[in-house]
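With chain F fixed as given, assemble chain V onto it according to the hints.
Line by line, the protein sequences are chains F and V.
For the first sequence, position 46 matches number 46 in my numbering, and the numbering has no gaps at all.
For the second sequence, position 109 matches number 109 in my numbering, and the numbering has no gaps at all.
Since the hints were made in silico from the structure, they are not lab data.
Certain hints may be false.
Said to hold, decoys possible - 25 Å max Cα-Cα, derived DSS-like pairs, lysine-lysine:
| # | chain 1 | residue 1 | chain 2 | residue 2 |
| --- | --- | --- | --- | --- |
| 1 | V | 97 | F | 232 |
| 2 | F | 249 | V | 313 |
| 3 | V | 319 | F | 232 |
| 4 | V | 314 | F | 238 |
| 5 | V | 313 | V | 255 |
| 6 | F | 37 | F | 328 |
| 7 | F | 238 | V | 319 |
| 8 | V | 319 | V | 97 |
| 9 | F | 156 | F | 282 |
| 10 | F | 51 | F | 37 |
| 11 | F | 175 | F | 282 |
| 12 | F | 175 | F | 156 |
| 13 | V | 255 | F | 238 |
| 14 | V | 327 | V | 97 |
| 15 | F | 249 | V | 314 |
| 16 | V | 255 | V | 319 |
| 17 | V | 158 | V | 255 |
| 18 | V | 255 | V | 180 |
| 19 | V | 313 | F | 238 |
| 20 | F | 249 | V | 319 |
| 21 | V | 206 | V | 319 |
To be verified - Quick partial rundown of chain F residues pointing at chain V, CB under 8 Å, derived from the structure:
| # | residue |
| --- | --- |
| 22 | 49 |
| 23 | 52 |
| 24 | 130 |
| 25 | 155 |
Claimed, not checked - Now the in silico label distances, taken between C-beta atoms and shown as ranges:
| # | chain 1 | residue 1 | chain 2 | residue 2 | range |
| --- | --- | --- | --- | --- | --- |
| 26 | V | 199 | F | 36 | 53 to 61 Å |
| 27 | F | 320 | V | 181 | 51 to 59 Å |
| 28 | V | 176 | F | 216 | 20 to 28 Å |
All residues carry an ideal CB built from backbone N, CA and C; glycine is no exception.
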Amino acid sequence: MKKGMISVLASVISILVGLLFGLLLLIVVNPAMAFPKFGELLTAGVSSLPKLAKVLYQAAPLVMTGLAVAFAFKTGLFNIGASGQYTVGAFCALACAIIFQMPWWICLIASLVAGAVWGFFPGLFKSLFNVNEVITSIMFNWIGMMAVNLLCMNLKNAAGQLVMLPTAWVSSPIKDRTAALSYANPSAMIPKMGLDRLFQSNYMNISIFIAALVAVLLWVVLNRTTFGYELKACGYNKNASIYAGINAKRNIVLSMVISGAMAGLGGGLYYLAGTADYTIQKALLPMGFNGISVALLATSNPIGTIFSALFISYIQVGGESLQPVYAKEMIDIIIAVIIYLSAFALLTKNIISKYIRTDKTNVNAEPVPPAAPVPAAETGAVDSGEVPEKTVESEGEDK
Amino acid sequence: MIVLADVISATIVFAVPLLLVAMGGMFSERSGIINIALEGIMIVGALMGCLMMRWMDAAVTSGALGSQLAMLIVTLFAGLCGIVFSVLLAFASINLKADQTIGGTALNMLAPAMAIVLTWVVQGQGQTTILIPTWSRITEANFGLTMKSQFLQNLLFKNMYLTTFIAVILFAAAVILLYKTKFGLRLRACGEHPQAADSVGINVYKMRYAGVLISGFLGGIGGIAFTLAAGSGFQSTVAGYGFLALAVMIFGNWKPWSILGASLFFALFKVIGSYASSIPFMPQFRGVEGVSTYLYPMLPYIITMILLILTSKKSRAPKAEGIPYDKGSR
Numbered sequence: 001m002k003k004g005m006i007s008v009l010a011s012v013i014s015i016l017v018g019l020l021f022g023l024l025l026l027i028v029v030n031p032a033m034a035f036p037k038f039g040e041l042l043t044a045g046v047s048s049l050p051k052l053a054k055v056l057y058q059a060a061p062l063v064m065t066g067l068a069v070a071f072a073f074k075t076g077l078f079n080i081g082a083s084g085q086y087t088v089g090a091f092c093a094l095a096c097a098i099i100f101q102m103p104w105w106i107c108l109i110a111s112l113v114a115g116a117v118w119g120f121f122p123g124l125f126k127s128l129f130n131v132n133e134v135i136t137s138i139m140f141n142w143i144g145m146m147a148v149n150l151l152c153m154n155l156k157n158a159a160g161q162l163v164m165l166p167t168a169w170v171s172s173p174i175k176d177r178t179a180a181l182s183y184a185n186p187s188a189m190i191p192k193m194g195l196d197r198l199f200q201s202n203y204m205n206i207s208i209f210i211a212a213l214v215a216v217l218l219w220v221v222l223n224r225t226t227f228g229y230e231l232k233a234c235g236y237n238k239n240a241s242i243y244a245g246i247n248a249k250r251n252i253v254l255s256m257v258i259s260g261a262m263a264g265l266g267g268g269l270y271y272l273a274g275t276a277d278y279t280i281q282k283a284l285l286p287m288g289f290n291g292i293s294v295a296l297l298a299t300s301n302p303i304g305t306i307f308s309a310l311f312i313s314y315i316q317v318g319g320e321s322l323q324p325v326y327a328k329e330m331i332d333i334i335i336a337v338i339i340y341l342s343a344f345a346l347l348t349k350n351i352i353s354k355y356i357r358t359d360k361t362n363v364n365a366e367p368v369p370p371a372a373p374v375p376a377a378e379t380g381a382v383d384s385g386e387v388p389e390k391t392v393e394s395e396g397e398d399k
Numbered sequence: 001m002i003v004l005a006d007v008i009s010a011t012i013v014f015a016v017p018l019l020l021v022a023m024g025g026m027f028s029e030r031s032g033i034i035n036i037a038l039e040g041i042m043i044v045g046a047l048m049g050c051l052m053m054r055w056m057d058a059a060v061t062s063g064a065l066g067s068q069l070a071m072l073i074v075t076l077f078a079g080l081c082g083i084v085f086s087v088l089l090a091f092a093s094i095n096l097k098a099d100q101t102i103g104g105t106a107l108n109m110l111a112p113a114m115a116i117v118l119t120w121v122v123q124g125q126g127q128t129t130i131l132i133p134t135w136s137r138i139t140e141a142n143f144g145l146t147m148k149s150q151f152l153q154n155l156l157f158k159n160m161y162l163t164t165f166i167a168v169i170l171f172a173a174a175v176i177l178l179y180k181t182k183f184g185l186r187l188r189a190c191g192e193h194p195q196a197a198d199s200v201g202i203n204v205y206k207m208r209y210a211g212v213l214i215s216g217f218l219g220g221i222g223g224i225a226f227t228l229a230a231g232s233g234f235q236s237t238v239a240g241y242g243f244l245a246l247a248v249m250i251f252g253n254w255k256p257w258s259i260l261g262a263s264l265f266f267a268l269f270k271v272i273g274s275y276a277s278s279i280p281f282m283p284q285f286r287g288v289e290g291v292s293t294y295l296y297p298m299l300p301y302i303i304t305m306i307l308l309i310l311t312s313k314k315s316r317a318p319k320a321e322g323i324p325y326d327k328g329s330r
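This is chain V alone, in the form it adopts within the complex:
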């Protein structure tokens, strides 16, 4: 039973970055810009968030700053840095009409290299890991509680971070923004038929900028959420989660609620993979080396593949995504 609590809480904490980043990708693609740079944006968010945590560490441990208030600042800062980084993609693909995939690939190369260089600069030569302070996690002490049940303890507080709550709020805000506001309607129009949108007076460039910057914000927060979930400190990588988020977005058919379902689903498979040795009914493959490090971690990728194939008939991408908007063309 304890394992069940562990699996549920780990699933949620790993679903959060997937959800945030896939939602980010959704905003960008719904506005018509393919955002393959999500991986890079995540890395930038994670890096800046971790540096911020490091910087505020003294203030928090001395009690001058509340730990969760600090985390709120960290999260927002990560989002802001994500926005700044995503401007590079927006500028190349909207103003300069560059190939969006290539621009994104360049940013994906830039981010980890920049992270390593910056980590060196801040921490000194060869120090490639930024450690995460323990105060980042929400514990029962934050609420003045003591848990009697080990099950509830693991379920609620083993992997509890502020980012989880922020993700819930952002998800609700994103759904409303996309479907219940004028802005959302205009954004979607720009991804489907920018010429038509332009003809009724919508500024397509502005809308696309908004889409990419929102994806930068969500991607940056997703990055710090992933690093917190992974728990072993930041090593200039988010282990391909940005790309997995892209797959989640496609599997979620560019729709918020489906993306929520898809991210929970993938997180579950990832967690089952890493907890396989303590789940009784999972095959253990005795005598095979590397089951927990390589065999089960393959699971989410294979499942993604199969599901993408199965759902490809229903998959419907925004019509104008990937095509630079040119006012002169019809």
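So here's chain F without its partners, still in its complex pose:
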């Protein structure tokens, strides 16, 4: 319980400092507008129901990519390939929807499987050939993005039309994005269950609830099952877990597969909402990289990713209100600063928890025979008098 509080505290401090930095930046760039725009940035997400709907809509895929990264972190891997898995997942969901005219839930499963496949390769290469998963997944980001673009531009139906593009469905000259689900296959859109009317926004659907459900599920797997325990054990100490009879190679692959599946499902959730079409572009999709921020802010806790995704989504919606006075990339700077701070927030957290532990439990009680007499003598001296001198000394030694 205390540990959890410390994590939350560390993240909140990072966020506050990051926002403060953002404010300073706004002042430097354009002092006149800085304060009103900063106020808008902080409040835009709750200023109206449609805005709130947009926060929730964008949070759903963020939860998923955040889970992807967080799950890999928990098992000792760094999945920087969430972007590629997300893209491939999105494509398979859209392909199932547009080409095969499947209902939405099959499309979602397709995105899950596609992401899993894209996560499988880095895991396999890591476990079989010991190739660093960071490099592999970066390569697979680019390969995935380019392959998806190629497929979107070239897949043809029986009649020889480019089936993924709008041209096959309506008379439209647009060739740089996929066909909209609203005319290609409305049944593939994630159900709204009346939420769209409640929020007065087309963006609103049940995707955030699906994402939250998956997050809870993942938490259960990690913390309440033997399987999850084994995965985490591999992350903490690979050699020790091998010694304990855990198949570490298999677990690395499985971790990456699950991680990839999460990111893939994120792609499905975002593009099956029916409000955004996949645009053929030359840069990697940022959603996967934002997942890294989400995971770090949540200190890799699956439940925590729900909240950190909501936060990131919230300030991103706020960031749109910065335009046109400021570039909306201001938000990216703020997020980057927050992540930079949380990189050593992990460390400060460790220090705090270490202090708490040494306060609570008696170090001398631990069965370390050769070391035991020395601290015992010290504490004895502290007890018998000369309190200030001795404590100062021992503090100096600690550092």
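Quick look at chain V alone, frame taken from chain F:
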């Protein structure tokens, strides 16, 4: 034949940033710090270099400043800014013992966002491209020559930039620094066994700082070299070259000469990809859309993957990389 000249000259000009940045990564990792922030450092170098070029444009076009002298200043400035940016990584990972991958990722996010914001500030709202002045390229006019042969013209002067020569000098300097000096030996020791290095009186923190700052310098110059090579102006991105350089470094086994070979190799594949339509023996895939924009550009990444797998047995990373040095631990 003209195509051959084009391919060779383009290969060299694209190998230069890979070489510089991978060498930078090598210095950092040999000292024990994983530098995943190379992409961000490149972007900062490219941004600052381009801003410097923009700033000196008037002086050069009016003839007050020699164009290649200006380029020398631009290159050094880019390197300096790379150093400044890399201090952020060094501080987090050495002083604060933060997770090096996370710190690097944060810097990779920070750099492009900062570049866009700064570009807006300098050029005005919505102006996201910094154009590169034509005087940045070395032409035969700089030497007072006129080329008779189209082949030689393309081979030598189509993609000739000062950064190419600087890269050659820096490469030689880096090899000597790493293998022939006391400093190089100490740096490598800190990446292999920092405790042992510390026990003989080497300041591990200082050495690691040196490693990261050198990577910042080389990364910054690599950034401006990439932007010059890409040629279409700076748009707050270096298209994943920093990450490709990381792969080159691993494929080059953290050794300068192998890295040189690896960067030429990858550059060649990249160039073959972009020149595929004018190379006679390459398959053209008629009837397929997006071959030159998406299919061939995939080539360097796939080849990288295959080669990393094939050479993984021989791959040997510095032993202590990624582990923050803690004086108290044994």
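Structure-based check of all given hints:
Between residue 97(V) and residue 232(F) the CA atoms are separated by roughly 23 Å; this keeps the pair inside 25 Å, and the hint holds. At most 25 Å may separate the alpha-carbon atoms for a hinted pair to count; residue 249(F) and residue 313(V) meet this at roughly 16 Å. Only pairs whose Cα atoms come within 25 Å are accepted, and residue 319(V) paired with residue 232(F) is accepted, the gap being roughly 24 Å. Between the alpha carbons of residue 314(V) and residue 238(F) the distance comes to roughly 22 Å, so the proposed pair stays at or under 25 Å and holds.
Between residue 313(V) and residue 255(V) the alpha-carbon distance is near 16 Å, which keeps this suggested pair within the 25 Å criterion. Proposed proximity of residue 37(F) and residue 328(F) is supported: the alpha carbons are some 12 Å apart, at most 25 Å. For the proposed pair residue 238(F) and residue 319(V), the alpha carbon gap of about 17 Å is at most 25 Å, so the pair holds. At roughly 17 Å between alpha-carbon atoms, residue 319(V) and residue 97(V) fall within 25 Å of each other, so this suggested pair holds.
In summary, the hint linking residue 156(F) to residue 282(F) is supported, as the alpha carbons are separated by about 22 Å, within the 25 Å threshold. For a cut-off of 25 Å, the pair hint linking residue 51(F) to residue 37(F) stands: about 16 Å separates their Cα positions. A hinted pair counts as satisfied when its Cα atoms are at most 25 Å apart, and residue 175(F) with residue 282(F) qualifies at roughly 14 Å. Using a Cα cut-off of 25 Å, the hinted pair residue 175(F) and residue 156(F) holds, with the two alpha carbons roughly 14 Å apart.
Between the alpha carbons of residue 255(V) and residue 238(F) the distance comes to roughly 28 Å, so the proposed pair goes past 25 Å and is violated. With a C-alpha separation of about 11 Å, the suggested pairing of residue 327(V) with residue 97(V) holds against the 25 Å cut-off. The straight-line distance between the Cα atoms of residue 249(F) and residue 314(V) is roughly 20 Å, inside the 25 Å bound, and the hint therefore holds. For the given pair, residue 255(V) sits about 14 Å from residue 319(V) by alpha-carbon distance, which is consistent with the 25 Å threshold.
As the CA atoms of residue 158(V) and residue 255(V) are separated by approximately 30 Å, the hinted pair breaks the 25 Å bound. Proximity of residue 255(V) to residue 180(V) is assessed by CA-CA distance (about 14 Å); at most 25 Å being required, the pair is judged to hold. For the suggested pair residue 313(V) and residue 238(F), the alpha carbons sit about 19 Å apart, so the restraint of at most 25 Å is met. Note on residue 249(F) and residue 319(V): the hinted pairing holds, with a Cα-Cα distance of about 21 Å set against a maximum of 25 Å.
Restraint check for residue 206(V) and residue 319(V): the C-alpha separation of about 18 Å stays at or below 25 Å, so the hint holds. The interface hint given for residue 49(F) is broken, as the beta carbon of that residue sits about 30 Å from the closest beta carbon of chain V, more than 8 Å. The interface hint given for residue 52(F) is broken, as the beta carbon of that residue sits about 25 Å from the closest beta carbon of chain V, more than 8 Å. Annotation: residue 130(F) was flagged as interfacial toward chain V, and the flag holds, the nearest CB pair being 6 Å apart, inside 8 Å.
Interface restraint check: residue 155(F) against chain V, minimum CB-CB distance 10 Å, threshold 8 Å, status violated. At roughly 59 Å, the beta carbons of residue 199(V) and residue 36(F) sit within the given window of 53 to 61 Å. Remark: the range hint 51 to 59 Å for residue 320(F) to residue 181(V) is upheld by a beta-carbon distance near 53 Å. In this structure, residue 176(V) and residue 216(F) break the distance hint of 20 to 28 Å, their C-beta atoms being roughly 58 Å apart.
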